[in-house]
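Chemist: What follows is each chain in one-letter form.
Number of protein chains: 2
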Amino acid sequence: MTLDVLLSALGAQVVEPGETANPAYLKDWASRCPVTPLAVVRPRSVEEVSRTLEICNEHGLPVVPQGGRTGLAGGAQPLADGVVICLDRMNGAPEIDGQGRVARVQAGVTLEQVQQAAEAQGLLFAVDIGSRGSCEIGGMIATNAGGMRAFRYGMMRQNVLGLEAVLPDGTVVSAMNGFLKNNTGYDLKQLFIGAEGTLGVVTGAVLRLHPAQPARVTALLRVENLARAQQVLDALSLRLPGLSICEVMWPDYYYFASGFRGFDPLPDSADGLTLLIEAEGQEEAGLRGDLQTALEYLFEKELVLDGAISQSLRQTEEFWALRSANEGLNQAFSSIVNFDISLHPEIGDAVVARLNDRLAAASHQLRCLWLGHLGDMNLHLGVVRSSGSEIGPECEALIVDAVITTVLDAGGTISAEHGIGAFKVDYVPKLRSEAEQALSRTLRRALDPKGIMNPGRLF
Amino acid sequence: MTLDVLLSALGAQVVEPGETANPAYLKDWASRCPVTPLAVVRPRSVEEVSRTLEICNEHGLPVVPQGGRTGLAGGAQPLADGVVICLDRMNGAPEIDGQGRVARVQAGVTLEQVQQAAEAQGLLFAVDIGSRGSCEIGGMIATNAGGMRAFRYGMMRQNVLGLEAVLPDGTVVSAMNGFLKNNTGYDLKQLFIGAEGTLGVVTGAVLRLHPAQPARVTALLRVENLARAQQVLDALSLRLPGLSICEVMWPDYYYFASGFRGFDPLPDSADGLTLLIEAEGQEEAGLRGDLQTALEYLFEKELVLDGAISQSLRQTEEFWALRSANEGLNQAFSSIVNFDISLHPEIGDAVVARLNDRLAAASHQLRCLWLGHLGDMNLHLGVVRSSGSEIGPECEALIVDAVITTVLDAGGTISAEHGIGAFKVDYVPKLRSEAEQALSRTLRRALDPKGIMNPGRLF
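As they're listed, the protein sequences go chains P and V. Per full-length UniProt numbering, residue 1 is the first one in the first sequence, and the count goes up by one each step. Per full-length UniProt numbering, residue 1 is the first one in the second sequence, and the count goes up by one each step.
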């Protein structure tokens with residue numbers, strides 16, 4: 001039996017039968033119920049990852065790679081007839097190369113560890129997502145994580161310079177260089193970024209770092225609608241070169257957030273959308289002056305209805321607390337149906353209005369809580385019942401259908417940064433052409449002829 | 001005969017026998033002598049590209065895709081037993097989407113056409129290379145062109161959002177979306193970017209645009225060495241967020257350039273390296289003030305030896321003329337051996353010194369003309385004879401060996417942005433591991449089982 005082969009090859013310290021494994025490995029953040037796999041393997045080195053895959057490949061055993069299990073598409077849920085490979089032990093301290101401006105990391109390091117190690121040397125790792133304390137670099141690479149600063153610094157794909165991965169047959173492919181320019185054949189790392197563990201297991205990476213700016217100013221702005229918000233962003237991009245955050249919150253979300261947090265720094269939120277902006281720079285006074293000048297321009301041009309520049313650290317924390325109040329949605333509502341979409345900016349207002357209307361018509365209890373990253377038009381929608389009560393399966397199906405058909409009809413995408421995982425597999429034929437799907441199958445078959453890697457996920 | 005099949009399928013307007021084809025198609029910028037292919041095919045549509053590939057695939061006929069033929073690695077040189085597919089007729093006017101900040105283009109459009117179309121709407125296409133008037137977007141994608149602004153805006157890979165390509169069997173794969181975030185399965189466009197025409201033919205793209213800054217200031221700085229230049233760049237990155245250019249010229253190059261152009265705005269060039277920097281911003285006065293303040297800081301910290309901010313458009317042109325004087329090298333020297341390398345910044349000074357010494361020891365007549373893009377440590381080296389006379393094949397072999405072994409020993413790469421093409425194929429085993437090469441072969445075989453696409457190029 002394969003479990004015995006794994007055990008004798010890797011030892012009981014590395015291989016644990018699913019039944020006795022720590023329950024943490026049996027589900028991810030998005031799973032509704034745990035799934036017990038045959039085994040949970042927790043390799044301590046790339047050699048152990050390689051040996052594990054080699055054995056699984058030989059025995060045709062499905063493999064599910066796990067990072068921090070913070071994904072929202074179910075891509076890291078165990079399979080009952082498979083093996084989980086969890087990278088959490090490959091978490092040596094990140095090596096920061098200050099002059100080369102790169103971090104060399106193992107896959108099991110958390111985002112926060114990388115951020116802190118970079119910061120200690122006056123550098124910035126630019127990708128930032130809410131699960132920073134738990135998500136691991138390997139998983140972030142496999143899912144091409146995005147977050148709030150992607151419009152400025154890119155997603156993971158743009159911040160990974162080198163990569164080490166293990167192919168399904170156990171071959172270690174190491175391309176751990178740190179060059180910004182290196183045109184020497186196929187850029188193989190691109191295969192593994194965003195492949196959601198279907199082409200191999202990411203074991204290490206060289207990450208790009210940027211110089212960190214010491215000063216920061218934050219503001220809330222109120223704008224009439226999304227079209228206006230875009231104009232504001234355009235104007236700010238030109239006038240505040242240090243602009244690094246531009247988040248947008250719709251009235252229903254803002255109403256929830258200010259109620260949940262117990263403060264409201266920019267009243268009359270029903271009048272429009274609220275933007276949270278932040279700019280980084282060398283010193284605060286100058287930055288504050290630039291922001292002030294930029295805001296005067298926005299008021300003069302009547303692009304904003306209201307605005308407040310944070311005057312203290314405490315106020316900055318309050319502004320941010322509104323944006324991160326989405327983490328409290330689970331407390332406030334017994335169920336939420338979540339979406340992660342990208343839209344063309346031109347039709348953003350229309351699509352949001354259409355969906356609000358469509359869901360309100362379906363049930364007057366449904367509320368759409370919209371927020372998003374304005375710079376890349378990646379919007380997150382949480383649909384809840386205003387009473388806070390549970391959304392039944394029938395109603396959920398209706399919501400999912402309404403959102404997905406509306407977004408696809410509008411030429412949008414229904415997975416901007418969360419990925420396809422297990423949950424959105426059925427929608428892939430609507431998202432990708434026949435030729436794209438065929439080429440994807442060709443690729444997958446070429447790298448994983450036995451189909452052991454995360455089967456049933458991605459497509 | 002296949003030529004007849006092509007002719008009858010596509011017509012004499014599209015298919016021309018190699019013997020009667022315009023000689024322009026028989027060589028690229030780097031070729032020493034023209035090569036006459038069986039035919040030159042100049043499709044007018046993606047359907048004609050598809051039909052051409054289908055026929056060539058069926059008959060196992062080698063295909064060489066051509067863009068503007070400005071490549072420096074010989075990747076677009078015809079093969080005598082093959083067919084050239086030239087995309088130059090697929091050059092409809094770029095469609096600029098101002099709100100979505102993207103350009104939709106056909107592969108045969110030149111870089112300059114895209115730049116101008118974007119500029120007309122207050123936008124910037126950020127990749128810029130010297131051959132802008134001739135190079136075509138398809139070729140730039142296939143070679144992942146880089147250039148001077150890559151440290152800030154990325155190479156082509158980071159500026160292509162959507163792509164259309166034709167596979168070797170004629171299948172059209174269209175993924176022409178313009179989203180910054182779109183995690184919906186394999187990012188297939190990455191396969192074709194930098195693949196140098198070995199996996200298919202790029203026929204169209206959606207390119208990312210940025211807001212264009214109207215004002216610009218330019219300066220020349222003199223610094224002691226490369227390590228100091230890096231500190232200057234770090235300081236400027238933090239103090240001048242609009243910094244978009246930071247080029248570096250070594251003394252021998254600067255001496256040539258100022259002599260060639262007939263002016264020398266920053267004398268005593270033998271004392272160190274000369275940096276050409278440029279920052280963009282909203283209005284000139286403020287930008288000039290910021291640059292002035294930044295320079296004062298650099299002088300105060302003794303990071304620069306000398307410096308001059310351009311005071312007029314004419315002076316800006318002069319500064320730039322020094323940097324672009326490399327275009328005159330062919331006039332001044334009867335032969336030049338060119339290299340395109342990336343180095344780790346920490347060892348840059350040592351590697352440059354080692355190579356200068358090594359080549360001087362080989363022949364006191366050899367001079368190394370170094371210049372480069374500081375932000376990504378992509379250096380261009382032209383080795384010439386100080387007399388201007390021809391470098392014989394034996395001496396050239398010696399130079400190539402010295403440079404390549406020195407760079408590889410130092411952990412550098414010998415193709416930063418020019419690619420592998422036909423000229424550097426033999427070095428690939430030194431640049432890529434066995435596992436990387438095997439995976440590359442797997443990929444190529446999966447997409448091009450008959451091996452018709454640009455055979456002998458890349459690897």
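Since the hints were derived computationally from the structure, they do not count as laboratory data. One or more of the hints may lead you astray.
If several chains are the same, the list does not tell them apart, and a pair holds so long as it fits within one copy or across any two.
Below are the SDA-like pairs computed for lysine to any residue, each with C-alpha atoms no more than 20 Å apart in a straight line [to be verified]:
#, residue 1, residue 2
1, K301, L398
2, K301, E283
3, K27, S335
4, K430, T406
5, K301, S237
6, K27, N338
7, K27, N330
8, K27, S134
9, K301, E224
10, K430, E47
11, K27, A235
12, K430, G178
Chemist: All hints, please: hold or fail.
Modeler: A quick look at each hint next to the structure:
no.: 1; hint: K301 to L398; in the structure: neither (42 Å within a copy, 65 Å between copies)
no.: 2; hint: K301 to E283; in the structure: between (27 Å within a copy, 18 Å between copies)
no.: 3; hint: K27 to S335; in the structure: within (18 Å within a copy, 65 Å between copies)
no.: 4; hint: K430 to T406; in the structure: within (12 Å within a copy, 52 Å between copies)
no.: 5; hint: K301 to S237; in the structure: within (16 Å within a copy, 31 Å between copies)
no.: 6; hint: K27 to N338; in the structure: within (18 Å within a copy, 55 Å between copies)
no.: 7; hint: K27 to N330; in the structure: within (18 Å within a copy, 64 Å between copies)
no.: 8; hint: K27 to S134; in the structure: within (14 Å within a copy, 55 Å between copies)
no.: 9; hint: K301 to E224; in the structure: within (13 Å within a copy, 48 Å between copies)
no.: 10; hint: K430 to E47; in the structure: neither (39 Å within a copy, 24 Å between copies)
no.: 11; hint: K27 to A235; in the structure: neither (44 Å within a copy, 46 Å between copies)
no.: 12; hint: K430 to G178; in the structure: between (37 Å within a copy, 17 Å between copies)
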